[in-house]
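Use these hints to put chains B, C and D onto chain A, whose structure you have.
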Amino acid sequence: MDKPTAPQRDVDLLGRHPERYPDLTVTQQYSIPYETVMDIQLTVLKKRFDTLVHKVPVLAKLAESQRIGAINDIHDAAPLLFPHSIYKSYPLSLLEKSRFDLLTKWLGTLTSVDLSAVDVSGCVGIDGWLDAMDSQTELRIKHSSGTTGKLSFVPRTLAETEATAKGWRRSFEGFGDEPHANALAGFEDLQVLLVGYRKGALAYPRMMDAAVHWLYGDDEGKVIASNPGRMSADVLSLGGRLKAAQDKGELGQLQVSPALLARRAAFVEEQKAAPQRLKAFFDDIVQRYRGRRVIIVGSPPAVYDLAIEARKAGLTDLFTPDTLASIGGGAKGRVFEEDYKKVICRFIGMEEYPLDGFGMSEMCLGSSRMCLLGNIHPLPNLIPFLLDHKTGVLLPREGTQTGRYGWFDLAIQTHWGGLLSGDRVTMTWDEPCACGRAGPVIHSEIRRFTEIEGNDDKITCAGAMDAHDKALEFIARQLG
Amino acid sequence: MAKFNVPLILRGKVIEDADIEFGGRRGGSSFTSADVREHLDELPLSTPSALRDLHQLKFDDIADFLQEVGTRLSFRHNAYLQEAYELSVTTSGLSPQILKVIYETLGQGFGRSVVHQTADKSIGIPYLDGWVGMKLETGGHAWTRAFGARAVHIIAGNVPNVAAMSIMRNAVIRSDMIVKTPSNDPLTAAAVARTMIDMAPDHPITKHLSVVYWKGGDTRVEEALYTPAHVDKIVAWGGLASITHISKYIQPGIDLITLDPKLSSTIIGKEAFASDATMREVAGRAAVDIGHRNQEACHNARVVYIQTGTDKEGLTKANRFAQYLYDSIQALPPHISGPAVAPDPALAEEVDALKMSIGYYEVVGGGPTGAVIVSQIDEPVDFARLLGNRVANLVPFDSLETPIRSTNAYTQTIGIYPDSLRMELRDRLALHGAQRLVSLGYAGRFANIGPHDGIEPLRRMCKWIVDEEYRPESVALASMT
Amino acid sequence: MAQYHVPLIIRGRIVDDADVEFGGRRGGASFTAPDVKKHTDAIPLGTPSSLSDLYELNFDDILDYLGELHQRMAFGRNPYLQEAFELALSTSGLTEPLLRRTYQMMRDCFEPNFAREFADSSIGIPYLEGWVQKRMGNGAMASIRAIGARAVHVVAGNSPLVSSMTVMRNAVLRSDAIIKTPSNDPLTAAACARTMIDMAPDHPITKHLSVGYWKGGDSSFEDVLYQPKNIEKIIAWGGFASITHIAKYIQPGIDLITLDPKLSSSIIGKAAFQDERTMADAAQRMAIDIGSNNQEACLNARVAYIESGTDEDGLAKANRFGEMVYAALQSLPPALSTPVRRVEPQLAEEIHSLKMMSDEHRVIGGGNNGAVIVSQTSEPVDFARILTNRVANLVPVDDLEIPVRSVTAYTQTIGIYPDELKAKLRDRLAFHGAQRFVSLGYAARMSYAGPHDGLEPLRRMCKWIIEEEYDPAETPLPSKSYAEFAVTDA
Amino acid sequence: MQDHETNAYLRRPALSTEELTAAPEKFLDLTITEMHSIPNGTLQELHTRALSEHFTAMVERVPVLALLAEEQHVREISDIAQAGPLLLSHSVYKSYPLSVLENGRFDRLTRWLDKLTAHDLSALDASACGSIDEWIDFLDANTDIRVKHSSGTTGKLSFVPRSISEMDTVAKGFMRFFEGFGDEPDAHLTGFESLPIIHAGYRHGAMGQARLLDAVTRYFHGGDDSWVTTSNPGRLSADVLSLGGRIKGAEQRGELGKLKLAPGLLARRDAFEKEQAQTEERTRAFFHDVATRLRGRRVVISGTVPQLVDLAEEGGKHGVMGAFAPDSLVHIAGGSKGRVLPDGYREQIVQFIGIDAYPRLGYGMTEMVNATHRACPLDHYHFRPNIVPFIIDPQTGEQRPRKGTQTGRFGFVDLAVKTHWGGFLTGDQVTLSFGDTPCGCGRTGAHVDPAIRRYSETEGGDDKITCAGAPDAHNRALDFITRVAE
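These protein sequences, in sequence, are chains A, B, C and D.
Per our numbering, the very first residue in the first sequence carries number 1; after that it's consecutive.
Per our numbering, the very first residue in the second sequence carries number 481; after that it's consecutive.
Per our numbering, the very first residue in the third sequence carries number 962; after that it's consecutive.
Per our numbering, the very first residue in the fourth sequence carries number 1452; after that it's consecutive.
Simulated from the structure, these hints should not be mistaken for laboratory data.
Please note that a few of the clues may not be correct.
[Claimed, not checked] In the DSS-like style, the derived pairs of lysine-lysine whose C-alpha atoms are separated by at most 30 Å in a straight line are:
| # | chain 1 | residue 1 | chain 2 | residue 2 |
| --- | --- | --- | --- | --- |
| 1 | C | K999 | A | K97 |
| 2 | A | K272 | B | K728 |
| 3 | A | K390 | B | K695 |
| 4 | A | K105 | A | K222 |
| 5 | A | K55 | A | K97 |
| 6 | A | K61 | B | K797 |
| 7 | B | K728 | C | K1176 |
| 8 | B | K728 | D | K1725 |
| 9 | B | K615 | C | K1231 |
| 10 | B | K538 | C | K1176 |
| 11 | B | K695 | C | K1209 |
This is chain A alone, in the form it adopts within the complex (with noise of 0.2 Å):
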């Protein structure tokens, strides 16, 4: 097939406005040629340097350590790559300590929105903070699930949002004549079935309202969720400041506080009634939505515990098989007693389980699936980058190379979008998929560093124990 190549003018707009990507088709933005993709790379990557540099404190700590004054070429980007625990680099005691206004200090070291004026003083735990800062600012701030204990903090704005919900649309769109070329056709019209918390500053919820706001005209009527609620950040945080308290002995017990604590029993209380608020919205959307198509979105155990309900009513094929499945993120560490992939489409009626995609929440545009030959395609608005892990030195953008995967996302405009992942990526920069995507391939292989070095019947004597929290592992597994 003849693809479409790019017009000039779409290539300046997108050189104007990277975030407008979205409004591309998927198999238009993979049409474009690479060169034309990397031009507009290079002219976004110069602007944002050039005026972020001087409004994002920690970007000039590192230009100037790296003494980088400008850059002239992608490769110089690849020093200033922060790691993703730049995002959590804030001491935990704050949070103890209930000293928002410190932690917003900190936050302001990270993006070009000005926090200075922000008043924080009175905000109760790290949800009102962050109910504080959605009001007061154009920030609204996405942080992780935590699993590693301390929670990460993304300065996201509201407008960057809006490239988010558009990528997430695209993300369900096949590539040229893929089968899910026109999964598209009446998207607006489905209603969106969301197997998790609806509120909160999670990806999901985040996601959540931007679909909403940006896709839907604020008509929350589009989303229903198995929990209305909020996933709160308090007690997402809580596992990891159980841990540092005991790290910090007799000190560190002392700030643990009764608040906390009892926050703790709350939630887990609350999460006794889970199995019962899963029925009910089990049966609610069999009784409202059965032989449908709709949207469906959760995390893999989330959506798969929706699968058992189904099951359990001896229930199978609920939806229209061209239903669309947004089941983003990996088992969180579940172990599935059989094939949940299976057991999902056979609830939901589809044949083939949604393609795995791949991407990361710091990144505002950048989920996307695996081609039909399982290779995976940065977005044209991600810039890759692969570094050696021993060296931090940028491997040649050429051939296959293997290394740590880092990124810059053009979308990102109010703080620095070059971020480097803990992810041992594996990358053929020069031999275009045969399913016809231009651009770099990414394989499909991809493994955490930290598991790799992992432990592996290793017995030493040097270490201390973890403060583990059932009730807390328990939740961060059933997050997206």
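Structure of chains B, C and D alone, referenced to chain A:
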């Protein structure tokens, strides 16, 4: 990629089949070994009575034997040690130079003086050699003896000494020992065992040492082995890593002795900052506690509390001290310490992040050569438990309450400067969970006196038996009173 | 049916609510107690440093305290003990006279001289009092001290003395004890604590003893309590029942000390059968080891191997010896042993079945007076593990290998006759798991000094701290010396 | 009501009092309505006379009864209460030394069994048997005895010397389980002999369930086994059961190493391993059969609660739901067998089988010829007239008065037993109303309250801690066998 075969040693018998392949760590070397499951019947000691031969030995026989083993463990002449060394180079977190010193000095652990001190100071040789009698206030006589037991030792592999020391201790208490080796040091214990076999194949001590590798948690092996019928004691290093496999086998009749993983720290009093000279000298001593053996051991200092104060001036001092400390660590001789051999990516990421973050932490150095992080508040970094690869965290404080109350059950050694401060703090630190207090700079030097990790492992590895004798003429039968 | 109330005692504070009701055993007494879950935060000792008040005492202060407690624990004058005794009457396996005697002698373990001998012989008072210096081979001036710990004691209830001993141990070790009482003796520990509160409400020793009852295995409470931040040691009596649900709490920072359930036996050599007189003497001693405290304790003999031989003549001897033992059992003084109130139904049935069905066993006696079962082969009865209520099983053997090989990790005391035989067998018996040997007839005479159950529980209940001082002048820093080495490196 | 029922009995005096006295097993030829309409007075009379005959017949031929009777000074029985002291507890049925099994001394075991049965085994030489299974086969082949053994959680199996002469009664009794009373919906049970029988468990072996299937095929289907479908067509080996318990015991005593295996058992190790290997295959086959041939049919289905739960779960995995006709006959035996059941397990079972409601529970014990009695609509259990109940004081062993409602240890004489003494003392605490206080459902005769406990439960497990005694552990029988293989 280097390939090694780890022999299975069953009481003097060496089995060198290569049934199974195990992947080594760090994608480094992998090794093959015989499948223990094929030898499950020979693994446990046939009958407890078979401990008899060991108990007919006198302590001096044992000391002589070990002395001789020590001599034969000369690195230059001992091919087994050399092989163990080569494997360790690929699996250990220690640099070749450091490993070399360890293996060159391994034999010293079997020297008569060490052995004598171990037996005498921790238990008392008479109790090991026979029944020690005492007259009972309540009338009658009692004898007590510390017997050996049938023990499985799940040893740590971060430093090869653990293997050597465990074997030495076990010989001293006359136990039948099955060493379950870790994947990060599968050969050292075997090397010692083979040295014994070459030296005295039929000696009871040789005959009561088995060295085995299986993947921890292999239920087919562990269910068969961990029953009171076969084992009296399980000595487990490594905390959860090994306990999680074991705890389900704990039942009456099996005594679990855990040598938990620990972290160590340092407290440096204000005296150290009196002059620039003392600052440099103290930095030199702290550097040893931190960098010694690449911070791979539990006695290595990780968090260092410094009484500089947290005001502006204090912080300036702290940051200056950090520079001295970093330099001293870099200056450590290669056989003591070197750049990270097995960098921990998770740690590296955290350090990089702090390096560029603004407000709470200053970082000196970074990368494989190590780093010193200075908290600008009186709290350690949140990832303190990850510290390694010669990365230390200086925590300035105003009141001694801060370091004291930061001590917890996972604290092993605390290096303290000056000694007067140690005397002042020792009781309170002990109450908070510290288990060993030592002059700054000597954390790596163990007096090996008995207590360890707050318990008395050697005494615990023994079975303490009492024999009471009464005569009706001196103590009336209960029915008569 | 009698109603009792069991208070929850938290470091000198008495909580008297009757939130929960528990049914006692044997359909005996049921009792009410406060719900420990309501006091989850108060029960653990906040921080280890709160032990420091105990360290302002010296050992003599502790002995003085115990001395006075010894006075106040006089059964006749102590209403708390009397109440505990009342309750025990319906929950304990011991009969009234035996229980009474037990409660009368309970105070003895607080007697200062006993406590001193106890502490000194099992640990050494200097180690408890301060730092003991030793010059070490590697140049160190080392000091050692045994420090108290925050411990939970899950105590056994078959003898009330377990509770009082625990209280005494905790005092001499300067530890903080939380005693979890068993349903078959929920009041004794509380009685000690209340006596202490009346005596010296604010004394550190009083302030470091808590006593409570909760259903063992109640994870909603134990999950919270059994955490390294709350306790350092768990001392658990009893077998799987208590250990299995505690084992899951084993983790770095918590040291589990198990005092396993044990069974005891006897070995009687052929020397005992040389003439009537010796046989009578051995039978007398045998009866004491079987019958004292009605065979409720782990040190009571249950199975006795007798070297009478198994040929016809041997069996005849064995059966006659059985008769003698049974007779001796009946004539034991009531303060030592009495007919039981009720034979465990399961045991009674087993005995009755043997009587009717088995050619291979001979049953002498039966019912509340106890019984002696003489095996006519070299095998103990299959139900040997439930022998109690003064029921013993004599097993004739030709070869002493049989008793030696029958010893297991669950064997505690072995009473042996004659003493020469004891000297001959003790090593091999020890290899096989036996933990205590004693002249036949003295099994019940526990000398509290020294090891117990093959381990040294008292030493284990301490934290052993070491301090090492080095002088760079004598011992160069490792960085300066090439062949620096550390014997133990962990 | 009452006289309607009485009439039912009178209307069709199927059997004369004389017949029933002479052969009480004939009670099972009556319908439930008939047998439970016999007026209490008549029943007492019947019981007294039948009991006295049973005693006289057995005391001559069953040595243990003779011994007991002598010990209790009972020469004859003229009053029911006299049988009270003659009830044998289950420990009698396992009073042989365990070493007999360990060392394979089946000659001694036979001599022991001889004391329990009216059959004369003195001429029998079982010394050649290498394992329990062989011994059972040996008895099956050479005598009329059809030994029924317990699951032997302790490793010691109890052996009850049933005989062929009791088998037909067993079969009839099984059918009666499903039968209702008076005008209850299922009062008129028909077509039983035309229903396929499905059993969740082993087909063969000498435990209650397998022996029951033998009896049922024999009586209703002329021995045609094709009527029976089981999830495991293999044999539940007595040796494996016993070994399981012994391993547990040995572990408790730390003597696993000392555990002896009967030589015959070691020989069959490979067979066991195959057994294990085949299980999955067999389950698949079973479900295929259920999903095709048997799907939707009216069937008789039986099993213990855990067995049926497993079945339902497996069914879920194999996508089988509502497998059979709603009017299928369901027999669910036993308690949870010490297993923790998933909540909602009843729904699971109901959904799998495809019935409207979980069947009423049954009560009984393998020592009864008819092992179970289904509860009446008021949830009371009514023993069939061949059972003469007793209530014994658990502490004193005294017999409770035979009138009104009594709580205590349950004992009975089963008059349908022909070849051994039918008197048995259970370990159950029950509350029983004697015939003089009949149940509201209209059935005459004694009935039992559904609140039943094992004394072992009421006694121990009560957070009692002692330093004497030995611990408990778990069962790894086949692993063990295969392990000693290496």
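request  = List in ascending order the numbers of the hints, as given earlier, that are violated by the structure.
outcome  = Going through the list in order, the structure violates hints 4, 10 and respects the others.
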